[in-house]
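S.K.: For reference, the chains in residue letters:
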Amino acid sequence: MNKIMDRTLKERWISLHVENQVGVLAKVSGLFSGKAYNLQSLTVGTTEDETVSRMTICVKSDDVTFEQIKKQLNRMVEVIKVVDLTDLSIHMKEVMFVKVFELNTIDKQEAFNVARVFSADVVDIGKDSVMMECKLTTHKNNELIALLKKRFNRIEVVRGGAVAIESISTACK
Amino acid sequence: MDIAGRKLFVKALNEEKVDTIFGYPGGMVTDLFDELYKQDKIKVVLPRHEQGLIFEAEGYAKASGKTGVVLVTSGPGATNIVTGLADAYYDNVPLVCFTGQVSCNLIGNDAFQEVDIVGMARSVTKYSITVKDRQSLGRIIKMAFHIAKTGKPGPVLIDIPKDIQNTIGDPEYPEKVEIRGYKPNNSVHVGQLKKAYKLLKNAKKPLILAGGGVILSGAQAEFKSFIEKMNIPVATTIMAKGVLPTGHPLYIGNGGLHGKYAANLAISECDLLFSIGTRFNDRITGDLSEFAPKAKIVHVDIDTASISRNVVVDVPIVSDAKRALVKLNEWAERMDTEKWKKQIFEWEKNYPLEMKRDKGMTPQIIMEHINSNFDEAIYVTDVGQHQMWATQYLDMSYKDKLITSGGLGSMGFGLPAAIGAKIAMPKKEVVCITGDGGFQMNIQELATAVVQQAPVIICLFNNQYLGMVRQMQQLFYGKRYAATCLRKRVTCPKNCKGPNKDCPPYTPDFVSLAESYGIKGIRVENEDQIDAALEIAKGNRKTPTIIEFIIASDELVLPMARPGKPVSDMILN
Numbered sequence: 001m002n003k004i005m006d007r008t009l010k011e012r013w014i015s016l017h018v019e020n021q022v023g024v025l026a027k028v029s030g031l032f033s034g035k036a037y038n039l040q041s042l043t044v045g046t047t048e049d050e051t052v053s054r055m056t057i058c059v060k061s062d063d064v065t066f067e068q069i070k071k072q073l074n075r076m077v078e079v080i081k082v083v084d085l086t087d088l089s090i091h092m093k094e095v096m097f098v099k100v101f102e103l104n105t106i107d108k109q110e111a112f113n114v115a116r117v118f119s120a121d122v123v124d125i126g127k128d129s130v131m132m133e134c135k136l137t138t139h140k141n142n143e144l145i146a147l148l149k150k151r152f153n154r155i156e157v158v159r160g161g162a163v164a165i166e167s168i169s170t171a172c173k
Numbered sequence: 001m002d003i004a005g006r007k008l009f010v011k012a013l014n015e016e017k018v019d020t021i022f023g024y025p026g027g028m029v030t031d032l033f034d035e036l037y038k039q040d041k042i043k044v045v046l047p048r049h050e051q052g053l054i055f056e057a058e059g060y061a062k063a064s065g066k067t068g069v070v071l072v073t074s075g076p077g078a079t080n081i082v083t084g085l086a087d088a089y090y091d092n093v094p095l096v097c098f099t100g101q102v103s104c105n106l107i108g109n110d111a112f113q114e115v116d117i118v119g120m121a122r123s124v125t126k127y128s129i130t131v132k133d134r135q136s137l138g139r140i141i142k143m144a145f146h147i148a149k150t151g152k153p154g155p156v157l158i159d160i161p162k163d164i165q166n167t168i169g170d171p172e173y174p175e176k177v178e179i180r181g182y183k184p185n186n187s188v189h190v191g192q193l194k195k196a197y198k199l200l201k202n203a204k205k206p207l208i209l210a211g212g213g214v215i216l217s218g219a220q221a222e223f224k225s226f227i228e229k230m231n232i233p234v235a236t237t238i239m240a241k242g243v244l245p246t247g248h249p250l251y252i253g254n255g256g257l258h259g260k261y262a263a264n265l266a267i268s269e270c271d272l273l274f275s276i277g278t279r280f281n282d283r284i285t286g287d288l289s290e291f292a293p294k295a296k297i298v299h300v301d302i303d304t305a306s307i308s309r310n311v312v313v314d315v316p317i318v319s320d321a322k323r324a325l326v327k328l329n330e331w332a333e334r335m336d337t338e339k340w341k342k343q344i345f346e347w348e349k350n351y352p353l354e355m356k357r358d359k360g361m362t363p364q365i366i367m368e369h370i371n372s373n374f375d376e377a378i379y380v381t382d383v384g385q386h387q388m389w390a391t392q393y394l395d396m397s398y399k400d401k402l403i404t405s406g407g408l409g410s411m412g413f414g415l416p417a418a419i420g421a422k423i424a425m426p427k428k429e430v431v432c433i434t435g436d437g438g439f440q441m442n443i444q445e446l447a448t449a450v451v452q453q454a455p456v457i458i459c460l461f462n463n464q465y466l467g468m469v470r471q472m473q474q475l476f477y478g479k480r481y482a483a484t485c486l487r488k489r490v491t492c493p494k495n496c497k498g499p500n501k502d503c504p505p506y507t508p509d510f511v512s513l514a515e516s517y518g519i520k521g522i523r524v525e526n527e528d529q530i531d532a533a534l535e536i537a538k539g540n541r542k543t544p545t546i547i548e549f550i551i552a553s554d555e556l557v558l559p560m561a562r563p564g565k566p567v568s569d570m571i572l573n
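Order-wise, the sequence lines are chains A and B. The numbering of the first sequence is full-length UniProt numbering, which starts it at 1 and goes up by one. The numbering of the second sequence is full-length UniProt numbering, which starts it at 1 and goes up by one.
For reference, chain A alone in the conformation it holds in the complex (with noise of 0.2 angstroms):
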């Protein structure tokens, strides 16, 4: 019998727990090169408790690896907790500035009407540039960096990459 597998890609969410000690990150970041994963973005910060960190891991993959992804990860001693939240309901959020310059009169009251639909603050302003901190999903981040770039002619972006929780009423179930 041979067995057909779901071999599309995918976009896919990891809350890990691991101990917070040097290395983790780079024993973790490691597995995910070391054995060609396709890692779209790993955030890690402290929690509640200071010996844990927590890591908010992206992936493109298929089932199959997706699967061996998380079974590496649960093998590591420093791991603590593999939670899969490709399925449950979350709160996810990436910060994220965009300078936007070159801009005219016209083109700056343009950015301040995309920044309020876009629900992004304007934070800082300049002669001809003005500076956006947008705290939105990646997509939404996606999508208006695409959108900025199609209107303006310079645009400048830093992201920080996403954190993401169980939403309560997923946790209390």
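In short, the hints are calculated from the structure, not lab data. Each hint should be verified, as a subset may be incorrect.
Pairwise CB distance ranges (calculated) [what the hints assert, rightly or not]:
1. 86(A) - 41(B): 51 to 57 angstroms
2. 34(A) - 41(B): 36 to 42 angstroms
3. 84(A) - 133(B): 32 to 38 angstroms
4. 25(A) - 133(B): 17 to 23 angstroms
Over 10 angstroms on every C-beta distance to chain B, these chain A residues come out as not near it, computed from the model [unchecked claim]:
5. 44
6. 78
7. 128
Think of the CB as a built atom: it goes at the ideal place given N, C-alpha and C, for glycine as much as any other residue.
Starting from the known structure of chain A, arrange chain B on it as the hints suggest.
M.R.: Chain B alone, transformed into the frame defined by chain A:
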């Protein structure tokens, strides 16, 4: 009273009942060696190279079932053990490896003999860590021994900076340790196992594929009882060779790349493959899409990550082999497999493992003499053609053991691993089966064997080539023997097609080499010299012996599955 780190180090080894460590000194571990010098409980074996050292520790661990302990210095001492770490990681050998490190305040300064060994070892160890404060030293050593030996065993590395070794601190060595992220599986899902058993029971052509995990979990007796009760034929991976006596009526042989044709046909034709303790490495499966195409597959393995990675299975069971087999034995009932067995043994009869008998002293003939000369031995191989011949032709009983570098395939493994095995089990005969290529990779360990009075019997198969690669060149690369002839000198023509009368002599002369180590070297060129040579070797109770078997350069390991093809598609002769 508080004690120095170096004293706690020795105390920890004592508490872990370590009787032997393999150590090579250097600037950053001199304090630890000094502490070892002051005691008598732990024997320190000094090899001649750190790569040989860690292979010795592996041989020691594999032969004794204990954890091998390694102590090397920082920098080059540490980098030299990396191959052995990877080897132990792939073959699940429990090792605790201590490396010295420059003092904490110098780390990151590119100090003399400073390397980030933890960074290098991360992907080839179960766990690796630099001790950053003296207070955690005891806990970390305890963790290391616990992690190395439990679950799926493997190597652990502890990097100890020089200042930590000399800092005074807590004298206590913890009795046990809790690690919240490390909970090795110690149960078996009975429901899943029952499901698997039902599939097995209802199969018409069941086959058991046993891997090294069965041996690692010490489940030989349970395994034998299970397959005998059920009356099911067995194929093994090379790591499981010896799990059943090779003459057992239910044993077919090894499957895989150089496995028996009958074993591979059985894998391809079975309707239920019950695999236990194997990770379905590509050497056993061949083309994955054609692996066991007619079978439902049950997979028992202790490592969740090994299940449904290479082969998608119908019934996955996460369990130690022994635990699963104990449970299965409660249910086991005899099955009627006579027709299926008849079919398999007919394949076996039609396609036996056999080399031509009219070509003088073939590897098979040498193996047959080795078989008849030893009742109870630990066989240790290097990597290459001789290794495959050993896995094909060695007869093994319950008393025998095979130690080989299966996963990583590290040339240079054989001699040091044999020395380590002999040190662990001095009363057992240890036979090192090696080739002229791999032997030279850690040839310096002959001195270790001499000074340790480790009388390993070295059966050196000399075909004057790096034979395994040469075989591929002969079969698939138009006989272009790039960089595989070990006789080739700068004076040789560039495009040589094989041995001829103008070939320069082989170097080194292994018999003279043996003499320079003060040991016996015997060159064997004909079958009638083999038994006498083995007799002499067996008589040497204090020193190793080199028996150099001169074999033909063009001898192939057959059968051989074609690269990228199903294992049932084999080159037979």
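S.K.: Take the hints in turn and mark each one as holding or not.
M.R.: Quick rundown of the hints versus the structure:
1. Checked against the given bound of 51 to 57 angstroms, the beta carbons of residue 86(A) and residue 41(B), roughly 54 angstroms apart, stay inside it.
2. At about 40 angstroms, the beta-carbon gap between residue 34(A) and residue 41(B) stays in the expected band of 36 to 42 angstroms.
3. Checked against the hint of 32 to 38 angstroms, the C-beta distance between residue 84(A) and residue 133(B) comes to roughly 35 angstroms, which is consistent with it.
4. Distance hint check: the CB atoms of residue 25(A) and residue 133(B) are about 20 angstroms apart, consistent with the given range 17 to 23 angstroms.
5. The Cβ of residue 44(A) sits about 16 angstroms from the closest Cβ of chain B, beyond the 10 angstroms cut-off, so the non-interface label holds.
6. A Cβ of chain B approaches the Cβ of residue 78(A) within 10 angstroms, the least distance being about 6 angstroms, so the stated non-interface status is violated.
7. Its beta-carbon lying about 45 angstroms from the closest one in chain B, residue 128(A) satisfies the requirement of being farther than 10 angstroms from that chain.
Of the numbered hints listed earlier, the single one contradicted by the structure is hint 6.
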